[in-house]
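Asks: Next come the chains, spelled out residue by residue.
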Amino acid sequence: GESVGLHLPTLSVQEGDNSIINCAYSNSASDYFIWYKQESGKGPQFIIDIRSNMDKRQGQRVTVLLNKTVKHLSLQIAATQPGDSAVYFCAEHGSSNTGKLIFGQGTTLQVKP
Amino acid sequence: DAGVIQSPRHEVTEMGQEVTLRCKPISGHNSLFWYRQTMMRGLELLIYFNNNVPIDDSGMPEDRFSAKMPNASFSTLKIQPSEPRDSAVYFCASKEDGTYEQYFGPGTRLTVT
Chain A
1 GESVGLHLPT LSVQEGDNSI INCAYSNSAS DYFIWYKQES GKGPQFIIDI
51 RSNMDKRQGQ RVTVLLNKTV KHLSLQIAAT QPGDSAVYFC AEHGSSNTGK
101 LIFGQGTTLQ VKP
Chain B
1 DAGVIQSPRH EVTEMGQEVT LRCKPISGHN SLFWYRQTMM RGLELLIYFN
51 NNVPIDDSGM PEDRFSAKMP NASFSTLKIQ PSEPRDSAVY FCASKEDGTY
101 EQYFGPGTRL TVT
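The listed protein sequences correspond, in order, to chains A and B.
For the first sequence, the numbering used here assigns the number 1 to the initial residue and increments by one for each residue that follows.
For the second sequence, the numbering used here assigns the number 1 to the initial residue and increments by one for each residue that follows.
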């Protein structure tokens, strides 16, 4: 049946702490993964990506970890800032080379000053 | 680069009216995607085009929805007749061939009363 609405997981962290946002993906054959950040009233914005032949990729203050064994993706944000408050989505690209991304339901990150 | 441009940003209409949403992808991007975002269902892919040709419209909810891409720089998503359950934020995204990252527009918030 239909749910009342999506209850996005929420992560609440203190400013300056590190944040870890997790995502379970569905297709073991997916070859590429992206993390998007969506601020209120805006469209999703690219943060970082990783190919399936990698386990870890680092950007500025962000790190993505990929565990293919358990189909798990995580986004680590160092020294979280109030501007990091947003909904974070992971997305996977299947191996069919269609160009389509499958998005997760999202996690809300709240940063307390 | 102006990014993906969508218009209008907000649309309020009465049930039964026709609604047309517009999108201009990033110049040089070959693929264009229309998404719908609601609290109930999250971010859903409705349809996507490659080189102006619809490739996958399996996400279009019903015949009331139609999308066109008459040229590489313009696409429309039309709902006729609109219903209150169509109320959502509609995003357009584009990407280049050979890449995975989709660039999202700011979205159109549609309210059908």
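Read the hints as simulated data drawn from the structure, not as lab findings.
Keep in mind it's a predicted model, so treat the numbers as computed, not measured.
Among these hints, one or two may not hold up.
With a straight-line Cα cutoff of 35 angstroms, these simulated DSBU-like cross-link-like pairs (lysine-lysine) come out [as the list claims (entries may be wrong)]:
#, chain 1, residue 1, chain 2, residue 2
1, A, Lys100, B, Lys24
2, A, Lys68, A, Lys42
3, B, Lys78, A, Lys100
4, A, Lys56, B, Lys78
5, A, Lys112, A, Lys56
6, A, Lys68, B, Lys78
Asks: Next step is simple, just say for each hint if it's right about the structure.
Replies: Here is how each hint holds up against the structure:
1. For the given pair, Lys100/A sits about 19 angstroms from Lys24/B by alpha-carbon distance, which is consistent with the 35 angstroms threshold.
2. Of the supplied pair hints, the one linking Lys68/A and Lys42/A holds, its CA atoms being roughly 31 angstroms apart against a limit of 35 angstroms.
3. At roughly 21 angstroms between alpha-carbon atoms, Lys78/B and Lys100/A fall within 35 angstroms of each other, so this suggested pair holds.
4. Taking the CA atoms of Lys56/A and Lys78/B, the gap is near 42 angstroms; set against the 35 angstroms cutoff, the hint is violated.
5. For the given pair, Lys112/A sits about 28 angstroms from Lys56/A by alpha-carbon distance, which is consistent with the 35 angstroms threshold.
6. Distance check on the hinted pair: Lys68/A and Lys78/B sit about 40 angstroms apart at the alpha-carbon level, beyond 35 angstroms; violated.
The structure shown violates the earlier hints numbered 4, 6.
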